[in-house]
Amino acid sequence: MSETLTSVREDVPADEPSPPRPVAAEPTVTTLDECVVEIISDSGEGAQRCGQSLGAIAARMGNGVWTVEIIPAEIQPPARSIAGASGNRIRLGSGRIANGGDGVDVVVAFNEQVLLGRVRAGELKPGCTIFLESMWRTHSDPRIAAAYRETYEELVDRGYLIVEIPFEALCKPVVPDARRGKNMFVLGLLCSLFSFDLKLAREQVRLTFRKKSDTVIRANLTLLEAGAAWAEDNLDVKYRIPAQRATVPQIVVNGNTALALGVLASGMEICAMYPITPATSASHYLSEVFERVGGIVHQAEDEIAACTFAIGASYAGKCAVTITSGPGYSLKQEAIGLAVMAEIPLVVINVQRGGPSTGQPTKGEQGDLLTAIYGSHGDAPKVVMAASTIEDCFYSVITARKIAEAFNMVVVVLSDSNLATSQQPFPRPKFDEAWLAAPIDQSPVPFGTKPYDWNPDTGLFRRVIPGQPNGMYTVTGLAHDRDSRVAYDPVINQESIRARSLKLAALQKTLKPPPVFGDRTGDLLIVGWGSTRGAIEEAVTRARAEGLKVSSTNLHFLQPLQPGVKEIMQGFKNVLCVEANWCDRPEDKLIDENNRRFSALAMMLRSRFLVDIDCWGEVMGQPIKPGTIHELIRARLA
Amino acid sequence: MSMPKHDCLVRLVEDDHPLEDYQSGVPRWCSGCGDNAVLAAVQRLCRDENLRPEKLAFVSGIGCASRFPHYMRTYGFHGIHGRALPIAEGVKMARPDLHVFVNTGDGDCCSIGAAHWLHAIRYNMNMTVVLHDNHVYGLTKKQVSPTSPKGLKSNTTPHGAYLDAMNPLTVTLGVTNVSFVAQAVDWIPEAVYAVIRAAFHHKGFSFVRIVQRCPEFLPNMWDAWLRDPEKTLLLEHDDGISFSPGLQRIYKNRQAHDPSDIHRAREIASCIDPVPVGILFRDENVPCYEDVREAGTPRSLDMVKTGLEAELDKFTVWPDDEPAVRIA
Numbered sequence: 001m002s003e004t005l006t007s008v009r010e011d012v013p014a015d016e017p018s019p020p021r022p023v024a025a026e027p028t029v030t031t032l033d034e035c036v037v038e039i040i041s042d043s044g045e046g047a048q049r050c051g052q053s054l055g056a057i058a059a060r061m062g063n064g065v066w067t068v069e070i071i072p073a074e075i076q077p078p079a080r081s082i083a084g085a086s087g088n089r090i091r092l093g094s095g096r097i098a099n100g101g102d103g104v105d106v107v108v109a110f111n112e113q114v115l116l117g118r119v120r121a122g123e124l125k126p127g128c129t130i131f132l133e134s135m136w137r138t139h140s141d142p143r144i145a146a147a148y149r150e151t152y153e154e155l156v157d158r159g160y161l162i163v164e165i166p167f168e169a170l171c172k173p174v175v176p177d178a179r180r181g182k183n184m185f186v187l188g189l190l191c192s193l194f195s196f197d198l199k200l201a202r203e204q205v206r207l208t209f210r211k212k213s214d215t216v217i218r219a220n221l222t223l224l225e226a227g228a229a230w231a232e233d234n235l236d237v238k239y240r241i242p243a244q245r246a247t248v249p250q251i252v253v254n255g256n257t258a259l260a261l262g263v264l265a266s267g268m269e270i271c272a273m274y275p276i277t278p279a280t281s282a283s284h285y286l287s288e289v290f291e292r293v294g295g296i297v298h299q300a301e302d303e304i305a306a307c308t309f310a311i312g313a314s315y316a317g318k319c320a321v322t323i324t325s326g327p328g329y330s331l332k333q334e335a336i337g338l339a340v341m342a343e344i345p346l347v348v349i350n351v352q353r354g355g356p357s358t359g360q361p362t363k364g365e366q367g368d369l370l371t372a373i374y375g376s377h378g379d380a381p382k383v384v385m386a387a388s389t390i391e392d393c394f395y396s397v398i399t400a401r402k403i404a405e406a407f408n409m410v411v412v413v414l415s416d417s418n419l420a421t422s423q424q425p426f427p428r429p430k431f432d433e434a435w436l437a438a439p440i441d442q443s444p445v446p447f448g449t450k451p452y453d454w455n456p457d458t459g460l461f462r463r464v465i466p467g468q469p470n471g472m473y474t475v476t477g478l479a480h481d482r483d484s485r486v487a488y489d490p491v492i493n494q495e496s497i498r499a500r501s502l503k504l505a506a507l508q509k510t511l512k513p514p515p516v517f518g519d520r521t522g523d524l525l526i527v528g529w530g531s532t533r534g535a536i537e538e539a540v541t542r543a544r545a546e547g548l549k550v551s552s553t554n555l556h557f558l559q560p561l562q563p564g565v566k567e568i569m570q571g572f573k574n575v576l577c578v579e580a581n582w583c584d585r586p587e588d589k590l591i592d593e594n595n596r597r598f599s600a601l602a603m604m605l606r607s608r609f610l611v612d613i614d615c616w617g618e619v620m621g622q623p624i625k626p627g628t629i630h631e632l633i634r635a636r637l638a
Numbered sequence: 001m002s003m004p005k006h007d008c009l010v011r012l013v014e015d016d017h018p019l020e021d022y023q024s025g026v027p028r029w030c031s032g033c034g035d036n037a038v039l040a041a042v043q044r045l046c047r048d049e050n051l052r053p054e055k056l057a058f059v060s061g062i063g064c065a066s067r068f069p070h071y072m073r074t075y076g077f078h079g080i081h082g083r084a085l086p087i088a089e090g091v092k093m094a095r096p097d098l099h100v101f102v103n104t105g106d107g108d109c110c111s112i113g114a115a116h117w118l119h120a121i122r123y124n125m126n127m128t129v130v131l132h133d134n135h136v137y138g139l140t141k142k143q144v145s146p147t148s149p150k151g152l153k154s155n156t157t158p159h160g161a162y163l164d165a166m167n168p169l170t171v172t173l174g175v176t177n178v179s180f181v182a183q184a185v186d187w188i189p190e191a192v193y194a195v196i197r198a199a200f201h202h203k204g205f206s207f208v209r210i211v212q213r214c215p216e217f218l219p220n221m222w223d224a225w226l227r228d229p230e231k232t233l234l235l236e237h238d239d240g241i242s243f244s245p246g247l248q249r250i251y252k253n254r255q256a257h258d259p260s261d262i263h264r265a266r267e268i269a270s271c272i273d274p275v276p277v278g279i280l281f282r283d284e285n286v287p288c289y290e291d292v293r294e295a296g297t298p299r300s301l302d303m304v305k306t307g308l309e310a311e312l313d314k315f316t317v318w319p320d321d322e323p324a325v326r327i328a
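As they're listed, the protein sequences go chains A and B.
Just so we're aligned, residue 1 is where the first sequence starts under UniProt numbering, counting upward by one.
Just so we're aligned, residue 1 is where the second sequence starts under UniProt numbering, counting upward by one.
Keep in mind that a hint or two might mislead.
[As the list claims (entries may be wrong)] Now the in silico label distances, taken between C-beta atoms and shown as ranges:
| no. | chain 1 | residue 1 | chain 2 | residue 2 | range |
| --- | --- | --- | --- | --- | --- |
| 1 | B | Gly32 | A | Glu74 | 51 to 61 Å |
| 2 | B | Asp291 | A | Leu610 | 52 to 62 Å |
| 3 | B | Asp97 | A | Arg498 | 28 to 38 Å |
| 4 | B | Gly32 | A | Asn594 | 37 to 47 Å |
| 5 | B | Arg28 | A | Gly378 | 19 to 29 Å |
[As the list claims (entries may be wrong)] Anything over 10 Å on all C-beta distances counts as not near chain A; from chain B, calculated:
| no. | residue |
| --- | --- |
| 6 | Gly79 |
| 7 | Tyr162 |
| 8 | Asp223 |
| 9 | Trp225 |
| 10 | His237 |
| 11 | Asn253 |
| 12 | Gln255 |
It should be emphasised that the hints constitute simulated quantities derived from the structure, not laboratory data.
In this text, a Cβ means the ideal position worked out from N, Cα and C, and glycines have one as well.
Kindly generate the complete structure, drawing on both the sequences and the hints.
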């Protein structure tokens, strides 16, 4: 292997600067508590696959991991463009990691333009180490070579530590298409840099390419070894992030895969969907595996058909799920109203993205909370839950189906693109028969059974399923009475609205109060929901270490709200909602108490509890950083 | 709740269902509305085929015709405007054991639900779909529909409809996987019954267009056809429909048409004068989507457990004392 590499090194043009560090016999090993790595490239160069594999290997090592995808909106953005940066951020730690962290410590970049994109976005920590593909320095197009040199100088001036490496040249002897193969070379380099067990790395590469031919797997293994060997020979530094191998089995998946696994585990058999970013990858994975357990993924002709197809299946006795993102969620609204009115169980997963309209398809935002709660027309009560971790994505779907069937309701599960593409290990779920749906009830019912026999206290009733003798009735989206007959009686419409509303209260009585992160009393309580949880809790931990009296809570149920929220808030002098959606800034000239638009959760909590809750939000299209929230806490409590 | 044994025995002898077993309520359609003719034919079909009422699901959208399920003593789903077909597809996919019928109007099917219509033809799921085509919006009080004749003065086209009418038959016959297309007119009850019966017996997406009169908003559109039997073309075939001698005496304009001939079917479909009545096209060999997708395959707890465990294995990091990784 080293022979090959030696010969490659001779191919490197003479004016190619060698890495600034001399070959060291024994590299110094620096122990780190955590490290943030980014691998960025043009689209299609495999940086994401490299990053995800690194994350998985780290998890196998027993490190805490959180990975974040960096995705351009286009399939093939122009090569070497600032906007085209594609790749992955991997935050590695010795303990549990629950978000992507603040700045980057180590970057691998396949060209200087995509790197510049990350620099401009302020993502690099001062003094960050950059491993940069050096072939552009001697590119035949003088403009490209000049651009490279210019950026190189700029970054050196800024104090970054740049290690130029001719990745493609080093990979050429191993694979015919070095442009696409260098990602595994980089994986090897990083495994060596972080002192990872190469055996685990090989296993991961085999897993990553399990669907490919043996030839492809062998080529990638060779690249992995080559990258590791090159690093051993050429880098004089190594890091070690102490790891603790888990004592229980862990699974490493992203949020969308966790959602799909949740669908599998929930006992649902039908998923009707229409492709939309960033939700679709959940359906991709589900399509691959669902049939094996007797399930069907139906790609409908549009979002409306996907939702109504699911409603039809649910009506017929098999609770179904539809998976979508913002614009698709808007299109489904009328159909969701139908399911609410007809009281047909339905699980709707909305992997939120930046909006309104086409917005930021690949970027995260928590902009759909109010639409989820108040969407559709008329009074359309439905259950809204938000997943706050990858593990939560799995279990939320199981819970959602249970609630949908028990209460004959629509249950909306909110995720977002931050969770969708991020990976984090969590304890391997233990299969439980109770997750699955009961067989379809086809027993006869007594003649005269009322299909909507609303319990006057809870609004609940036992649903009759097509095929049950004597139970025949027609469901309708029209206002209807207990017999499902069109309501011409003026009283019955109000009675049925009351019954559907009461179901939320009935569910609310079964919920537990949300846990408080930190002390139950203090100066500031941060309330969040969904994917911001990891960053909020890390910021709270940092602030508490400085002696600040701050705690946080994360609401799993947004409609109905879990009990005890008011009591939790009463333990604090101030309450602040932190969300990835917009709220007007009080410092803006025109904004005053008469016109300020609050963030979504703040608006709800203010109206429910009559508490003067403040809010702060950010819609930068990227996960809110723990450092940002930490600063916010300091500013509020200083 | 399980069925006591004697109930099963009673069921065997009492399994004959009279017409009343399929009737529910008093239809609120106008007198003279074609929907009444379709309802009568469908209820008769259910009786003649002795269908178990609990095994029937009538799905509809919004419009006059979409009130249909309310008048059947079966399971029914009165949905939202334009979406009857995808709802019915979901029902059929979940429950291939149910007989699924769809009742949809010209606005519901050919306008707001047009996308679903095209794709439903392509899915070719086993269901009987009746397009109640009265060429005008009735429930919302006389607006132009895609099948309205050019020049129709409606509330949204007071100066006359601007465009030529869409022909639902040619559209249907143009879509991949079309497997059954038939037409009848509401003033020949025998034909309405015959085509719906043939549609019911076809395995696949059976599309039946019933040409209807709207007594309220478009009462005279078909007067000429009613006055002159020559303006009706009966399609007959050994593989299609044979009409009664009584009907043959009135409607002398008859033609032998082999329903397997799609090219001829398209020619016949493009003609409205004379208006064709009978089966235009039938192909028994188009696969049904629910069969392709193996809907209704029994699913065991073990299957789900094994499948889920195998998937979880793929992503599992095992502790040191367990195998490091299991590769699928």
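Hint by hint, here is what the structure shows:
no.	hint	result
1	B:Gly32 - A:Glu74: 51 to 61 Å	holds (59 Å)
2	B:Asp291 - A:Leu610: 52 to 62 Å	holds (59 Å)
3	B:Asp97 - A:Arg498: 28 to 38 Å	holds (36 Å)
4	B:Gly32 - A:Asn594: 37 to 47 Å	violated (60 Å)
5	B:Arg28 - A:Gly378: 19 to 29 Å	holds (23 Å)
6	Gly79	violated (6 Å)
7	Tyr162	holds (27 Å)
8	Asp223	holds (33 Å)
9	Trp225	holds (33 Å)
10	His237	holds (33 Å)
11	Asn253	holds (39 Å)
12	Gln255	holds (36 Å)
When held up to the earlier numbered hints, the structure conflicts with 4, 6 and fits the remainder.
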